[in-house]
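**Q** Starting from the given sequences, assemble the full structure and let the hints guide the process.
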Amino acid sequence: MPTPEQVQQYDELGYFIAEDAVDPAVLPELLAATRRAKKKVRSGRVDVYTHWATKENSEPWAIRGLLAPEFEEPIFAEHLLSRPIMHYVHYFLGDELRLGSILIFTNPYHEDWGIGWHRDFGKDVRNGTEEEEMAVLNRPLYSLRWHLALVDDACLELVPGSQRRYRTDRERECLANDRNGDIPGGMAIPLKAGQAVFWKGYAIHRGVMKKDVERLTIGASWRQHTPEEDQPEETDVRFKWRLRDDVRDVLPEAMKPYYDRWRVLQLG
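In the working numbering, the protein residues as written are 1 to 268.
Some hints here could point you the wrong way.
Unchecked claim - In silico lysine-lysine, BS3-like type, Cα no more than 30 Å apart, as pairs:
hint, residue 1, residue 2
1, Lys123, Lys240
2, Lys39, Lys256
3, Lys240, Lys38
4, Lys192, Lys210
5, Lys210, Lys40
6, Lys256, Lys38
7, Lys240, Lys39
8, Lys211, Lys40
9, Lys192, Lys40
10, Lys211, Lys38
11, Lys240, Lys256
12, Lys240, Lys40
13, Lys192, Lys211
14, Lys40, Lys256
15, Lys38, Lys192
16, Lys38, Lys210
17, Lys39, Lys210
18, Lys123, Lys256
19, Lys192, Lys39
20, Lys39, Lys211
The set of hints was computed from the structure by calculation and includes no laboratory data.
**A** Shown next, in the form of C-alpha cells:
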C-alpha cells in the first residue's frame with residue numbers, strides 16, 4: 001500500500017517508486033522466466049505479439065502475449081495477482097477490476113533504440129486544443145500501471161507534472177515532430193533491480209534503450225471495472241490473441257473473472 005507521500009507524488013508528479021512491489025524471493029524466478037521468454041522470441045520459437053526493432057534481425061524491444069500457453073510461464077500471471085501488487089491496485093482502483101496487460105520491455109542487441117516523446121492517449125486526439133487535451137487529462141483514474149525492473153533500468157524518461165497541464169510550445173514540437181529532442185524538465189527514472197515505478201501514461205514520456213545495456217523490465221497494468229460506464233470496444237490488435245480459445249484455460253482461477261470482464265467488452 002502506498003504511503004501518503006507516494007500518493008501525493010503520484011498526484012503531483014505523475015509517478016512514485018515502490019520498494020515492495022515484488023517479493024524478493026520471487027525476483028530471481030521472474031528474471032529467469034523473462035530471460036527464457038526473450039530467448040524464445042529471439043529464436044523464433046514463440047511470437048504471440050512482438051514489437052520488433054527490425055524484423056530482419058529478430059530483435060524485439062517489447063514482448064507481449066506472456067499469458068499465452070506457448071510461453072509456458074505462469075509466473076507472469078502470478079505477478080499480476082501477487083499480494084504486493086494487488087495492495088497497490090486495490091488502493092488506487094478499488095476491488096472491481098478487469099484484466100489489464102503485462103509485457104517485457106527489453107533492449108535490441110544490434111542498435112540503440114528509442115520510443116520518442118508521447119502521451120498514452122489511445123484513440124483520443126493527440127494534438128488537440130487545450131480544452132480537448134485537458135478534458136482527457138482530467139478524467140478520473142481508471143488504470144494503474146507500473147514498470148518492475150528485473151535488472152537496473154533507467155530507460156523510462158518523463159516530464160514530471162505534465163499529466164496535470166497542457167503542453168508547452170517545446171513539448172508540442174517534441175510530441176509532433178522532434179520526438180527525440182530534449183524537453184526542459186524531462187528526466188530519467190532510474191530503478192534498481194526489484195524496484196517498481198507506478199506512473200501515469202498521460203505524463204509526457206519516452207523510452208531510451210542502449211544496445212549494450214541490458215533491459216529486462218516488466219510493464220503491467222490493471223483496469224478498473226465500471227459496468228455502468230464500460231462500453232463494447234473494438235479489440236486492440238495487440239490483444240487479439242487473448243480471444244483465442246486456449247488462453248482462458250491456462251489462466252489462474254482468480255484471474256478468470258477479470259479476463260471474462262475484458263472479453264465481454266470485445267467486438268473482435
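**Q** Now look at each hint and say whether the structure bears it out.
**A** Right, here's what the structure says about each hint:
The suggested pairing of Lys123 with Lys240 holds, with an alpha-carbon distance near 17 Å, which does not exceed 30 Å. For the proposed pair Lys39 and Lys256, the alpha carbon gap of about 28 Å is at most 30 Å, so the pair holds. Taken as a hint, the Lys240 and Lys38 pair is honoured in the structure, with Cα atoms around 21 Å apart against an allowance of 30 Å. Proximity of Lys192 to Lys210 is assessed by CA-CA distance (about 17 Å); at most 30 Å being required, the pair is judged to hold.
Taking the CA atoms of Lys210 and Lys40, the gap is near 21 Å; set against the 30 Å cutoff, the hint holds. Our distance criterion of 30 Å between C-alpha atoms is met by Lys256 and Lys38, whose separation comes to about 26 Å. In summary, the hint linking Lys240 to Lys39 is supported, as the alpha carbons are separated by about 23 Å, within the 30 Å threshold. Under the criterion of a C-alpha separation no larger than 30 Å, the hint pairing Lys211 with Lys40 is consistent with the structure, at around 19 Å.
Restraint check for Lys192 and Lys40: satisfied, since their Cα atoms lie roughly 26 Å apart, inside the 30 Å limit. A distance of roughly 15 Å separates the Cα atoms of Lys211 and Lys38; the hinted pair therefore holds under the 30 Å criterion. Proximity of Lys240 to Lys256 is assessed by CA-CA distance (about 17 Å); at most 30 Å being required, the pair is judged to hold. Distance restraint check for Lys240 and Lys40: the Cα-Cα separation of roughly 20 Å lies within the 30 Å cut-off, and the hinted pair is therefore satisfied.
Distance check on the hinted pair: Lys192 and Lys211 sit about 19 Å apart at the alpha-carbon level, within 30 Å; holds. Under the criterion of a C-alpha separation no larger than 30 Å, the hint pairing Lys40 with Lys256 is consistent with the structure, at around 26 Å. Our distance criterion of 30 Å between C-alpha atoms is met by Lys38 and Lys192, whose separation comes to about 20 Å. Restraint check for Lys38 and Lys210: the C-alpha separation of about 16 Å stays at or below 30 Å, so the hint holds.
A threshold of 30 Å between alpha carbons decides the hint, and for Lys39 with Lys210 the separation of about 18 Å falls inside it, so the pair holds. About 27 Å separates the Cα atoms of Lys123 and Lys256, which keeps this hinted pair within 30 Å; it holds. As the CA atoms of Lys192 and Lys39 are separated by approximately 23 Å, the hinted pair is consistent with the 30 Å bound. Distance restraint check for Lys39 and Lys211: the Cα-Cα separation of roughly 16 Å lies within the 30 Å cut-off, and the hinted pair is therefore satisfied.
This entry satisfies every hint, going by the numbered hints stated previously.
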